[in-house]
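Q: Given chain A, work out where chain B should sit, using these hints.
Top to bottom, those sequences are chains A and B.
Each residue of the first sequence is one higher than the last, beginning at 1 in UniProt numbering.
Each residue of the second sequence is one higher than the last, beginning at 1 in UniProt numbering.
Note that these hints are calculated values from the structure, not bench results.
All of these numbers come straight from a predicted model, not from anything done at the bench.
You may find that some hints are simply not true.
The list makes no distinction among identical chains, and a pair is therefore deemed to hold if it is satisfied within one copy or across any two copies.
Below, simulated EDC-like cross-link-like pairs (lysine to aspartate or glutamate); rule was C-alpha separation at most 16 Å, straight line [unchecked claim]:
1. 418 x 162
2. 122 x 352
3. 418 x 160
2 protein chains.
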Amino acid sequence: MTSHPTLTVTTGPLPASTKAFRPGVLYPDMRVPMREIALHPSAAEPPVTVYDCSGPYTDPGAEIAIERGLSRLREGWVASRRDTEAYEGRPVQPADNGFVSPDGLTPVFPAPHRPMRAKEGKAVTQIAYARAGIVTPEMEFVAIRENLGRKAIREKMARDGEMYGASVPDYVTPEFVRDEVARGRAVIPANINHSELEPMIIGRNFLVKINANIGNSAVTSSMAEEVEKMVWAIRWGADTVMDLSTGRNIHNIREWIVRNAPVPIGTVPIYQALEKVSGVVEDLTWEIFRDTLIEQSEQGVDYFTIHAGVLLRHIPLTVNRVTGIVSRGGSIMAKWCLHHHRESFLYEHFEEICEIARAYDVTFSLGDGLRPGCIADANDAAQFAELETLGELTQIAWKHDCQVMIEGPGHVPMHKIKENMDKQLEVCGEAPFYTLGPLTTDIAPGYDHITSGIGAAMIGWFGTAMLCYVTPKEHLGLPDRDDVKTGVITYKIAAHAADLAKGHPAAKIRDDALSRARFEFRWEDQFNLSLDPDTARSFHDQTLPKEAHKVAHFCSMCGPKFCSMKISHDIREEARAQAGMVEMAKRYRDGGDLYIPVEEDAVGS
Amino acid sequence: MTSHPTLTVTTGPLPASTKAFRPGVLYPDMRVPMREIALHPSAAEPPVTVYDCSGPYTDPGAEIAIERGLSRLREGWVASRRDTEAYEGRPVQPADNGFVSPDGLTPVFPAPHRPMRAKEGKAVTQIAYARAGIVTPEMEFVAIRENLGRKAIREKMARDGEMYGASVPDYVTPEFVRDEVARGRAVIPANINHSELEPMIIGRNFLVKINANIGNSAVTSSMAEEVEKMVWAIRWGADTVMDLSTGRNIHNIREWIVRNAPVPIGTVPIYQALEKVSGVVEDLTWEIFRDTLIEQSEQGVDYFTIHAGVLLRHIPLTVNRVTGIVSRGGSIMAKWCLHHHRESFLYEHFEEICEIARAYDVTFSLGDGLRPGCIADANDAAQFAELETLGELTQIAWKHDCQVMIEGPGHVPMHKIKENMDKQLEVCGEAPFYTLGPLTTDIAPGYDHITSGIGAAMIGWFGTAMLCYVTPKEHLGLPDRDDVKTGVITYKIAAHAADLAKGHPAAKIRDDALSRARFEFRWEDQFNLSLDPDTARSFHDQTLPKEAHKVAHFCSMCGPKFCSMKISHDIREEARAQAGMVEMAKRYRDGGDLYIPVEEDAVGS
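Excised from the complex, chain A in its bound form:
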């Protein structure tokens, strides 16, 4: 490939937003991105700082060219540790792209990099460094990122929440990050070959994160479309993106995605392995799977879903389920085990898998291949038997200095959600939980972002570290651009509601700023502070389109006469004017006499 037309993706800042960069202290060259939302001058408030996972795409100062990829800020960090080496890498084979014919082949990414791997005997994982007492640049980066405006508001913070055993600190220090990573309670998915990454952390003592899934379909998707899906998902707030591609061109498209991704990219390697054996499950082998892990590790995939907890002995437990096995990876492995009547090669070779993960710092996301696929199957013997196996595997991964998180359900009615969280914490040694939903009822296909958003908010509150989104198309079809956005916003709501309920020290800042804007009729500020300013503005403008209405002291719902907020302002003024009003309130709170006691008697009349 010599040249490409410039391929465009969505760029530009969100409304009223500018990119701000914070330097490191240990690593002063570091520039940690934040988004600052400016408010109307009448607010007399500083900008509101929010977490920003959108990468350079929302930075008007950044030059975006997807055929070049993003700048590789971590290259120097990795190199300076002197424990890695560049090497030739595994040659790309026809099987890697699903045996696609040459004219159907997605163009090779035009700016290739030689892969890096750990030098013989070295562990290049964040957990290995953390255990050795080293605070890496990645750790300082995430510490700064997590704090948002916390330092500035430190004094006036009143912590208020229920953490269910989590220990969210008032202020995140790099040392706190190191400690959480060292004890396996948090992960920083950051493959040494993903230099374009802006590091982030997943753990229950940090902000709750969300993942969005993308992936080409068997039919068609160009690399530009897939990159745009990723850019679109992170624009609205996806903290990580999983590439669940199946079919052809998987290898080449993945390269385009990773080279342009400022967020961690996750995959399910068994999907590609299955393509390599033309979809014949029985033909899968450890060798093909191993080769796929190396292929993807060299590309820079940050986390792998590995369904190593589906054991031969678990399969009979699923036979009487209402919906059997609903995880694709889980069903593939179950079929393989059953056909060969052997134990899963993922389980048997798990220590070798760990060695690969350690050589590139690929984080494990231990898959819940037996997650329930309906309300009836929730919290059953199959699910919990697998979870216990995942607990064993966690210990093995930790022994090998690998980072681990654990995937969770699925479909769970509300009263069974907490049991999932408690059991996961107990059997998996507090490794971060990463759940899909859960959906709290089965009866609303078309609205499963909502059925699952309810469960996601709750399990996030109880301790889940990352929530995998569900779109309105779940169970029905392939999500389009609007579905991806709806899924991401719904899950940002769930994650934020969980942060609020946990009493995360900085979470409420944005709610309060938006509520003040609402009370003061600063419509533009309301839109700009919301998770989706475009939708908020367009909904408002459907009824009151004129610019003048953006400063109106009422809205279309009640009109000026019935506006409670407007009346509330009158009340506030009147109340303040009336001498002693506040004093009265105090007396009331203290249990003193009320005013006009004579009128109280009228109640009985």
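A: This is chain B only, laid out in the frame that chain A set:
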């Protein structure tokens, strides 16, 4: 008015659905409507019976003509009690329609009825009958309605849930209904002048209900539009509808709504009272309010929101709130109290209000005028002070044989939701709680059906009896038809998720039927069993439009090769073929030896 062109509203059954009617035992002429969803013959399952609040509009056998109104099935029930009398009624005045000019007047409903009221000294409320040991037709009607298919599945029911102190019975008898109404733990909103009503019950030992708000705007709405809004909302599952109209033609439009409503209609009478004094809050008087109550009682309004808990002494508690008073009724009353520096006339005259309510059986919905309007104000002194006053008023209403429910917040972060429910149960003697959301974060205008759907599901689980919906337009604009539907479906999800979590005996039937359909690739059944079959079908058809795909053993998400459900079927067959598989599973569960123990050693290699 002599004649009208026929005004059309949405009619016709939902897909694969027929209306079934169950007779009463005590009252054998009674026909209680249910919806039966037919399944594909290959399912070999009986139809799934679901609760049906859509009224005659979904009955192909019913003739709908909104200028005539629905048939008046309760007329005979009320008459047979011989404790009511017909009378002339209050003449309609120009103020009732907001002083609209004659050419702007909405046509008078063409088939008027003389109002009924209690005979001197009689209490014609369901609670009065219940306390007297009388099982009314209304009580038997709701008992049959609540049971759904419970009797048929009685034996195989395995109760599974957490009720937080509620006592949902295995089977609802008319006597159980009577008892719950007698002790005030449930209400049957059923004005004696709303003969068109199909009675329903609100209480935490019954299915969780939802309310949808409609209402004309100051700008324009015809009576046909308003009736259609109501019909549309109940088609998708609204159990009650509140008419929150302001502006002109309130009286005439309300008459059209009530005459065509098979569900209870609620109002906030202070809105109309304020129109009668041209929006000047200070000019409100008890006399004008009282007159409005009688006007609406004669029309057949089933429940009134009365903000009688906003007391003068509470107002100072709101002064330092982030968003002050956000209830319209609450802010109106607060302004009135403050201006006159007198106690609320609603509070002072509450016993007279009870007398009116008792004469027509209008249920109270005691308004939470001081509900929090943002996360920062949740569970504050103002909110809880008002709640205590509502508890006092509940006792007064009960003393007068009036039915009561209590309105609740609002905006509440997840960790403060349960406190609301517990406090309400404690101070209001278990009178049914009726909550708006609550919204679990403030940062997502445009998605407040979701921010509040999360809170609604939770508080419904904890014990709220009815959930007031929130649409995507909340805080931004007037909901349109799509917004109403989205709001209703979201709240049906929340209510159903709550029923499941409470372990309601019949709730899971529909989930299980849909999940079986999903596992067996009965796509049509999946669509038809869902809350919104049209959306489910259209989402599916966006990717796989052909009819042949409706029987395909895969879907567009994974394609045939990766379909976990398909693989699961293979597994199931293979597992069953392998002798002793189920036996093996049993041994595993019993803690016996597993198979292929030799391979287990491989893990450590």
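Q: For which of the previously enumerated hints does the structure constitute a violation, in increasing order of number?
A: Structure breaks no hint.
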